[in-house]
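Position chain E relative to chain C; hints supplied.
In the order they appear, the protein sequences are chains C and E. By my numbering, the letter at position 398 of the first sequence is numbered 398, and the numbering carries on one by one without gaps. By my numbering, the letter at position 54 of the second sequence is numbered 671, and the numbering carries on one by one without gaps.
These aren't lab readings, by the way, just hints derived from the structure by calculation. Beta carbons: idealized from backbone N, C-alpha and C, even for Gly. Each hint should be verified, as a subset may be incorrect.
Stated by the list, open to error - Where chain C lies over chain E, by a calculated footprint (3+ residues, C-beta under 8 Å):
1. 634-645
2. 650-664
3. 676-689
To be verified - Examples of chain E residues lying across from chain C (beta carbon under 8 Å, computed):
4. Phe668
5. Asp670
6. Ala673
7. Ala696
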Amino acid sequence: MTSLPLVALAGNPNAGKSALFNALTGARQKTGNYPGVTVERHAGRFSLEDGRPVEVVDLPGTYSLQPASPDEAVTRDVIMGKQTGERRPDALIVVVDAGNLDNHLRFAIELIALGLPTVVALNMIDLAERDGLTLDAQRLSDALGVPVIPTVAVRRRGLDDLRAALSSAVTQKKPVAADVPQIDAAELRARAHAAATSAIVGETQERQITRTIDAVVLHPLIGPILLFATLFAMFQLVYAAAGPPVDLIEGWIGLLSDFVRSSMPDTLLRSALIDGVIAGVGAVVVFLPQILVLFAFILVLEMSGYMVRAAFIMDRLMASVGLSGRAFIPLLSSFACAVPGIMATRTIEDPRDRLTTILIAPLMTCSARLPVYAVIIGAFIPERSVGPGLGLQGLVLFGLYIAGIVGAMLAALVIRKTVAQGTSLGFMMEMPRYQMPNLKDVALGLWQRAAAFLQRAGTIIALTTIVLWALLSFPQVPAGSAKSQIDQSIAGRIASGLEPIVAPIGFNRDMALALIPAMAAREVAVSALATTYAIDSADDAQGEKTLREKLRAGWTIPMALAFLAWFVFAPQCISTIAVVRRETNGWKWPVIMVTYLFALAYVAAGVTYWLSTFLGL
Amino acid sequence: MQLDELPLNQVAHIADIDWTRLGDTEAHRLRCLGFEAGAEVEPLHRGWFLFKDPLAVRVGRMTVAIRAAHAAAVQVTTA
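This is chain C alone, in the form it adopts within the complex (with noise of 0.2 Å):
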């Protein structure tokens, strides 16, 4: 444990901590997460004025010492010196909304209260002026009895004098109260009113800009169709820019392959480190591009404001199905993949809401359900225009989406009526002013997400490859025997005891077999079809041509729509497990998923099979 003094940031939520927190710190931070709960802590590290070093905590937003959630409770834990792994901070940096100072001056007067030695940031004092406020933060410094110091975290003003302030404060020792302070709620308005008067010395009646371009983004006829405008164009961009540098990574995989192949003995060990190792890092990295992409949309979306307003537009749809608009953002990261989406529901309030949206966060067409389609829907469906521009493939894919869709709304309402019942929080938050995102802000976040994304789905990934080559490659063919390597091996067993369960829905054994290995990562089940069919083609596209006549020959088309439909809605995929294990805290609910998504699969496949087949495909 280091001994250095500890300094808390807290504030109310969009009072710019996090930016002041990245400002103070820059790359020195460390993530993790406080015991026993699903609530990050973030660390970091910087230099006073006097050059001494100072650890530093960034507290989840809150309004006040009074908690409304687990989120809330670990910021008042920290600062009363009771959250386990956590000590008493040595000082408090209490940020501030420079331009709402009325509502975050009640919990910056709670704070003071206590004691601890304390600064206060007057941040994002830019927008307040900008607003037609003007300031005096001497006056609100006499009025709370602590410095107060103006900062704009997002563009690094003010920060030198900040150190400076906390320099002199943290070697301050003063009494510091063991409870909560008790003040009344009609006492703490009025003291937080009069030293938010006493603070502006002028202001004149300007027209926001916030409200102006609030005015176009909240039309209830341009917004929305500003939102889909936005969303089309960043699918777009996940989907196109990640393309040549998803090449890339694979030419990368394959170079290394290729290597080790080439300088070691065929053995049991090379088989392992190409098709286990390698190919199962490999599989992680190849996300990574589509990944970055998303992230950094969505990054800037959060931190101009706009994602705020995307919710509300949202929140409306999303309550007929008994959610709310803050499950809109995690959902849409789902598309490119769950794991970040069901990262990202920490920041819906809602205990049930969070619960619901986890839940159905797999249903979301994410990228790695894409080569699957494409390789299927290549094979059996013809390639016809039913429309101008509107290709037969592409209505399919479309399809398929629009099921995952409706399936996860239906799932909602079923889950809010069920196992995630009663009533909600709805939908209350505060719509901050725009501003235009730092760049360095975004890189640190984009890193941030990304690391954790690799670490999270990456290990998960890159084992499961491994076991499954395990069980593709154990036992071994004996010399000379006939029979293949993958009907010898555990996976083929395990795919034959499989048969009979699938065979109702229209499942052969090779496609039984495929489900297997697809669990790492669903557009695995290409490859594994690849290799059941014994296609050994050096070049991506023409085995993928093979692969597809194979297909034909093999598979008749209701059978080849089951697969589709099954892969719409079969929970394919162990890092999504995993990771909702983790944010669930327990089994229960990862286990309550994979079977209600299993079963939905395996009815919407057998449906698919059967109406088809009864209708004469």
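Chain E only, in chain C's frame:
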């Protein structure tokens, strides 16, 4: 008048809030966001064109999104 019935861009003051119509967490959150007797409010936006929900309301210097059902618990006067 109830806050959810107040026309857009009409400034009013909160006269009273019927806390019994709200759950504990809702009431707590609403207070935190600055809803209290005497506060100046102004509805700024509503959801999609046919829906009344949700509502973006200016409360003092802050803009807050809430649902009409919650806004209905807030009594306002346009004196």
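So, going through the hints one by one against the coordinates:
| no. | hint | result |
| --- | --- | --- |
| 1 | 634-645 | holds (count 4) |
| 2 | 650-664 | holds (count 7) |
| 3 | 676-689 | holds (count 10) |
| 4 | Phe668 | holds, 5 Å |
| 5 | Asp670 | holds, 5 Å |
| 6 | Ala673 | holds, 6 Å |
| 7 | Ala696 | violated, 20 Å |
Checked against the numbered hints above, the structure violates only hint 7.
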